[in-house]
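Protein sequences appear in the order of chains V and C.
For reference, each letter of the first sequence is one residue, going 9 to 115 in the working numbering.
For reference, each letter of the second sequence is one residue, going 393 to 981 in the working numbering.
Just to be clear, a hint being listed does not mean it is correct.
Rough simulated footprint, nothing fancy, chain V against chain C, three-plus residues with beta-carbon under 8 Å [to be verified]: (1) 502-509; (2) 582-592; (3) 875-885; (4) 942-956.
Listed next, with one range per pair, are the computed distances between beta-carbon atoms [said to hold, decoys possible]: (5) V:58 - C:895: 52 to 62 Å; (6) C:446 - V:40: 42 to 52 Å; (7) V:45 - C:670: 31 to 41 Å; (8) V:74 - C:929: 21 to 31 Å; (9) C:670 - V:76: 17 to 27 Å.
FYI, nobody ran anything at the bench for these hints, they're computed from the structure.
The beta-carbon is built from N, C-alpha and C at its ideal position, and this holds for glycine as well.
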Amino acid sequence: MTGRLTLMWLGLATAAVMGLFALKFEVHSLEAELAALNLSIGSDVEAIHVLQAEWSFLNRPTRLQRGVEQYLDLRPVQANQVVGIGQLPARPEVVAPAKFLRIRIVE
Amino acid sequence: MSRRLGDAGSEPQLDLPEPAPRTRPGPRRPPMLGLDRRKPDPGHTRLPGNTRLMVTATLFAAAFLAIGARLTFVSLVQGEDEPRLANARQASGTEASRADILDRNGELLATTIWSASLYANPKLVIDPADAAERLSRVLPDLDRDRLAAQLAADRSFVWIRRKLTPRQQYEINRLGVPGLEFIREQRRVYPHAGLAAHVLGYTNVDNRGIAGIENSFDDILRGYPEPLRLSLDIRVQHVVHDELAAAIADFRALGGCAVVLDVDSGEIIALVSLPDFDPNAPAVAEARTRFNRATLGIYELGSIFKLFTVAMALDSGTVGLDDGYDATRPLRIARFTINDFHGKSRWLTVPEILMFSSNIGAAKMARDVGGSLQRAYLDRLGMLRRASIELPEVGAPMFPVRWREINTVTIGYGHGIAVSPLHVALAAAALVNGGILYPPTLLEQDRLAVGPGERVLKAETSDQMRNLMRLVVERGTGRKARVAGYRVGGKTGTAEKPDATGRYQSDARLSSFVAAFPIDRPRYALIVMVDEPKGNKESYGYATGGWVAAPVVARIITRMAPLVGILPVQPGRPAPKGDPLITAQLRGG
Chain V
9 MTGRLTLMWL
19 GLATAAVMGL
29 FALKFEVHSL
39 EAELAALNLS
49 IGSDVEAIHV
59 LQAEWSFLNR
69 PTRLQRGVEQ
79 YLDLRPVQAN
89 QVVGIGQLPA
99 RPEVVAPAKF
109 LRIRIVE
Chain C
393 MSRRLGDAGS
403 EPQLDLPEPA
413 PRTRPGPRRP
423 PMLGLDRRKP
433 DPGHTRLPGN
443 TRLMVTATLF
453 AAAFLAIGAR
463 LTFVSLVQGE
473 DEPRLANARQ
483 ASGTEASRAD
493 ILDRNGELLA
503 TTIWSASLYA
513 NPKLVIDPAD
523 AAERLSRVLP
533 DLDRDRLAAQ
543 LAADRSFVWI
553 RRKLTPRQQY
563 EINRLGVPGL
573 EFIREQRRVY
583 PHAGLAAHVL
593 GYTNVDNRGI
603 AGIENSFDDI
613 LRGYPEPLRL
623 SLDIRVQHVV
633 HDELAAAIAD
643 FRALGGCAVV
653 LDVDSGEIIA
663 LVSLPDFDPN
673 APAVAEARTR
683 FNRATLGIYE
693 LGSIFKLFTV
703 AMALDSGTVG
713 LDDGYDATRP
723 LRIARFTIND
733 FHGKSRWLTV
743 PEILMFSSNI
753 GAAKMARDVG
763 GSLQRAYLDR
773 LGMLRRASIE
783 LPEVGAPMFP
793 VRWREINTVT
803 IGYGHGIAVS
813 PLHVALAAAA
823 LVNGGILYPP
833 TLLEQDRLAV
843 GPGERVLKAE
853 TSDQMRNLMR
863 LVVERGTGRK
873 ARVAGYRVGG
883 KTGTAEKPDA
893 TGRYQSDARL
903 SSFVAAFPID
913 RPRYALIVMV
923 DEPKGNKESY
933 GYATGGWVAA
943 PVVARIITRM
953 APLVGILPVQ
963 PGRPAPKGDP
973 LITAQLRGG
């Protein structure tokens, strides 16, 4: 009886120790994963920063103007091309054709 | 039942061994914790140390129970002071220690990126000549022999090239030369190159700002993680830069400058000074390209000042719009003769003096205003002190120490006082916005949080000045500044530049034009100044403000108005009031 109980406690202790070590290793591996993720986040953030600078560089008005002049057939907007909504002509009334047409089905 | 040994001879006895005396806990015995009750002890004697063992064991059990309970609580139940979500902290070493600079629309004007700087440890370099030869293949502008000598020296550190591009770093790494090391350094990069060079300024090798905004906000840029938003609009800046550069090339001028500002807040929308430089490489820039003509340059701007003369004359009640002056004969004061350029030689009303830019009329008007009043008005308009713009490169105006009558008269048409073009733009904004002078600023202002400004003119005077400026463009010297659909008002200025001895040269002038639009309720004021334009065939040899600067203003307004959301007015139609045009604001990035 005593032996069995002692064995049970020993077994429990061993299980606890195994569990503890398993947890510890898992935590370590998670921490390592976290550190790796943080590092890759850092390098991604840096890459994004460089790309933003590059985007701004490629979008600078001088370059866009050169591109427009070379490839597109656009011209500066003239004053007579800009109107307000109130100056647009009114939408014509669409008259339903059924008002004037009578379709008679002759059998 | 114990059997007494002494009972001999009473009855036949079995020779059984004597049973051991039994010890059984009696009811009066003190309880021995719990152990004895659970496990009746078959025969062990209780030692006094057993109690201590029990106590210690119980304490340990309690301690482990406590740890177990705490563990359960900590892992299962959320504590109050724990963050709900893990902060995404950036790994250390990737945060730039200098803030970005953005324009008012969020476009990136200046940023810091990490770049590699190459240094060598000559003690570890095996073959200096070979290393130098291989390096010069990747960095062609390195002096091969000097580099070989440096790599053969008996030192442990020598810079080879700082702030390389990623491609250069990759190539050098691929060479596989021992003794070369990279160190990460931060590098300030300006994606728009020279477009806002004078405003942004530049930094030195240690990333400290030494010119422009980089300098005046150096501590804020170094302390703040948030970017700095300027009032500049890079699209308008480009338009101004483009048109000004075209005009300077067209008229073979030395240079020029232009300022566009918001009349209701003092925000600088564009500030261009040509020739300019690339702030990505400030060391190779010549000194004259780094000179900010718009803020640091102090010039006698000439006829533009007639605007202020008329304004102060109207505001002080010296003249009314119906009054006029006799401009038939040149004005003689002391030794000087004041004459008109292409003068009308007749009586001119006050509007006509401004329309035809009459020196005689302005001089007489200034004389009527008087020196002390003129000085007071100019002071209120900010012409006698440095502009309070947030740049280190600001010039102090020059004006006479003793304000004699001759000074008053010449200042009336813009000679004898020297200010920067920014001063003129600010004062013109005060003229047209109802008479309130706002301090200039390069930072984006919250519309609702603009300060009260300083009232310098009456609102009626401002109204009159707006009409007069419109007349100058409609019928006066500023006709080339007309833009179909946008009501532009302004004033030309042509000033002869004095040479080294102080004599005015007839062939070197400063041609400028100050304008505001839409003139009935102005939103923006701008000034364009061209330094020493030379007349060309299209201008019939003329290089005055009306021929050189006014067309630039017209082209700038044509291109700029749609960008800032100002509707053109169809000719013949009234201005649409409260008639919104749906404009798509295209934001970059």
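Taking the hints in turn, this is what the structure says about them:
no.: 1; hint: 502-509; result: holds (count 3)
no.: 2; hint: 582-592; result: holds (count 4)
no.: 3; hint: 875-885; result: holds (count 4)
no.: 4; hint: 942-956; result: holds (count 3)
no.: 5; hint: V:58 - C:895: 52 to 62 Å; result: holds (56 Å)
no.: 6; hint: C:446 - V:40: 42 to 52 Å; result: holds (45 Å)
no.: 7; hint: V:45 - C:670: 31 to 41 Å; result: holds (39 Å)
no.: 8; hint: V:74 - C:929: 21 to 31 Å; result: holds (27 Å)
no.: 9; hint: C:670 - V:76: 17 to 27 Å; result: holds (23 Å)
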